[in-house]
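Those sequence lines, one after another, are chains A and B. Per this note's numbering: the first sequence = residues 31 to 301. Per this note's numbering: the second sequence = residues 11 to 416.
These are calculated hints, taken from the structure and not from any lab test. Built from N, CA and C at the ideal position, the CB exists for glycine as well. Incorrect hints may have been included.
What the hints assert, rightly or not - Below, simulated SDA-like cross-link-like pairs (lysine to any residue); rule was C-alpha separation at most 20 Å, straight line:
1) A:K171 x B:G339
2) B:K391 x B:G339
3) A:K171 x B:D230
To be verified - Derived CB-CB ranges, DEER-like:
4) B:V158 x A:V59: 26 to 32 Å
5) B:L165 x A:A227: 19 to 25 Å
6) A:G243 x B:L39: 55 to 61 Å
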Amino acid sequence: MSEHENKVGQAAPSPHLRVSGIHKRFGGVHALRGVDFEVARGEVMALVGDNGAGKSTLMKVLAGAHAADEGQFFMDEAPVSVNTPHDASDLGIQIVYQDLALCENLDVSANLSLGAEPVKAGWGFLPRLLRPLDDLEMEVKAQAAIDRLQVRTLQSVRAKVGGLSGGQRQAIAIARAVGADGSVVMLDEPTAALGVAQTRQVLDVVKRLRDTGHAVVYISHNMRDIFEVADRICVLRHGGNVATWRKDDTTPDEIVVAMTRGLDDEAGNAA
Amino acid sequence: MQPEQKLSFVDRLRIMRETRFGAFVPVLLALAAIWAYFGLAVPLWEYWGDADAQNIRFIFLSPRNIYNLFMQSAVIATLAVGITVVLLLGDIDLSAAATAGVCAALLGVLVLAGVPGPIACLIVMAVGIIMGTAQGILVAYVGIPSFVVTLAGLLGFQGLMQKILPTGNLNVGDPFVRGFARVLLPDTLGWVLALACIAVFAWLNLRKQGQRKARGLDLDSKAAVWGQIVFFGALMLATVATLNSYRSVPLLIVLLMAITALIGWVTTSTPYGRSIFAVGGNPESARRVGMNVKRIRVSAFAIVGLMAAIGGIFGASRFGSVSYTAFAGGSLLLESIGAAVIGGTSLFGGRGSVWNAILGALVIGSLGNGLDLSGASAADKLMFSGAILLLAVAIDAVSRSGTSER
Ligand SMILES: Nc1ncnc2c1ncn2[C@@H]1O[C@H](COP(=O)(O)OP(=O)(O)O)[C@@H](O)[C@H]1O
Ligand SMILES: [Mg+2]
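Chain A extracted, bound-state conformation:
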């Protein structure tokens, strides 16, 4: 039992974003069954679990893309409510979705500012939705975000996303989350479609985010990447928590066992 307490992390830093008791049902599918999750500033929290464990669903709940059926949200331990994507982005929560959520018919700069388009000043008499877009500002911002990520192969921010490669699209989705200065950045399997060099770039971005005081959530199936960037590792299984370990206190083998069989075998109880 004491070993288990260690795993939940007594020495954990105080959380920046914390949720507890999250339930989410899709019709008959009980995708999240009372999940607790937290991440602190300046920390990379890895989230692992088998396919269908509920990782993406948890991320979507945190990003406001799905409203939780039950559960509490806390920012710096103050209760908040996150029911819409706007709630989440207002709290500084940014996400790179597993499916990227880009609009292929729009160009790169439009995708980077989607949902938060800058408008020109001096049109205050119109409702915001009908004010002229500041598309030059959009392009300048997009160029800056792309330059920061060093997507060298991208020719122009005016290129349509539909014509880009998988790696370039991934980079754009990451640039969108990183560029919109939030305090929490969540990346859902960002390296699944990437080669070695591009994966390295993403890992560098993750480290840079941690070093600049962001709270980072990183989902991946690659244990080597996880043990390289993560500070803590949270394991989900069948929509519930298994446990959370500090990276230094565990091994890839232990994580894989927890992902596939939970803790029962090793601890000999139902924890």
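Please build the complex by placing chain B with the ligands on the supplied structure of chain A, with the hints as guidance.
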């Protein structure tokens, strides 16, 4: 060898259609081909084939016919502009012509009952918006596919129009309503307006280029910028010159252009318009960045309802009467959807422009007008229109498959 060639053609098509002005190229080519055929080939053929002919008669390209062509296409174009907005979302509106019919019939009844023309027009526009909004709510909030909702709307509104017009026909003599089609701009005003439009177009383009330079963004080539301006200017001046040499620019055309410019601006240059394209491209992404997809859907149907009402007003104005066959029961619906699609607006959503709908309406109008002039039967007209529509959708499908192959 062969497949490679084919792929590169598809690629080129796709790339061309993604540039702002490249999207106009297919529909402009279609228009040029139709005009060349009916305007040059048919008269020459008749001249050579007929020994008694004194001189070549270019009926199709005569200013009088072009004037009529513009007026004939105006109602189609008005509806096509509205339909384009819902097509951009990936939805469709099959009830637009029936909505126009109901609005026109209501307009006729209202002015007959002594309601002043301007007020009757406003009432009818509000009714159009309500009809569109109601369908939009069924699509967005109840979740019925737009195809089904608007098919039901088509049937229901056809019936409603017959209820309003039991005789199926009503003359509209109200001077205000007739004025849209009858009032002509003085020749000089037409020229001044055209020159002002060209000046504004040039100024906006050059200013944008200057701002891009100041901000260190990549510039469009000088040739492209000036090419656009020269092309736009030539189009405007040629149109005004042609219309002036028969009568002069009708108010109806000016209003249609102004409305199209407004909707074109809203769809391309505002956050609202951007959200229409985003929903058409990937509704789930749009939802996840916080756009209110349902409300956007409803608003697009409200716009198509409004445009249908305006189309009804324009139609009543042009014909001087409201008849069942001219709107709800006739070919107007298919012609206006055809116009939008021929213009290059994708049926799959997310790609297209209202200006293309205007050009598409001219294609449809020219085809009907040319076939009429050369004495083709109604059967020929239908078959020709079907072939052109199929060709347009094929271009859309091919250029789209080029995108998703990557
Ligand atoms: N939109 C949805 N509708 C219905 N079921 C869903 C939906 N999203 C996820 N699920 C279900 O929830 C469970 C967890 O899915 P997910 O969070 O994507 O897992 P992971 O990302 O860990 O692979 C799966 O059983 C999946 O089928
Ligand atoms: Mg997932």
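How the hints compare with the structure:
For the suggested pair A:K171 and B:G339, the alpha carbons sit about 52 Å apart, so the restraint of at most 20 Å is broken. Restraint check for B:K391 and B:G339: satisfied, since their Cα atoms lie roughly 17 Å apart, inside the 20 Å limit. Restraint check: the Cα-Cα separation between A:K171 and B:D230 comes to about 19 Å, which is no more than 20 Å; the hinted pair holds. Under the hint 26 to 32 Å, the C-beta atoms of B:V158 and A:V59, about 28 Å apart, fit the expected range.
Between B:L165 and A:A227, the C-beta spacing of about 59 Å breaks the proposed range 19 to 25 Å. Roughly 57 Å separates the CB atoms of A:G243 and B:L39, a value that falls within the hinted 55 to 61 Å.
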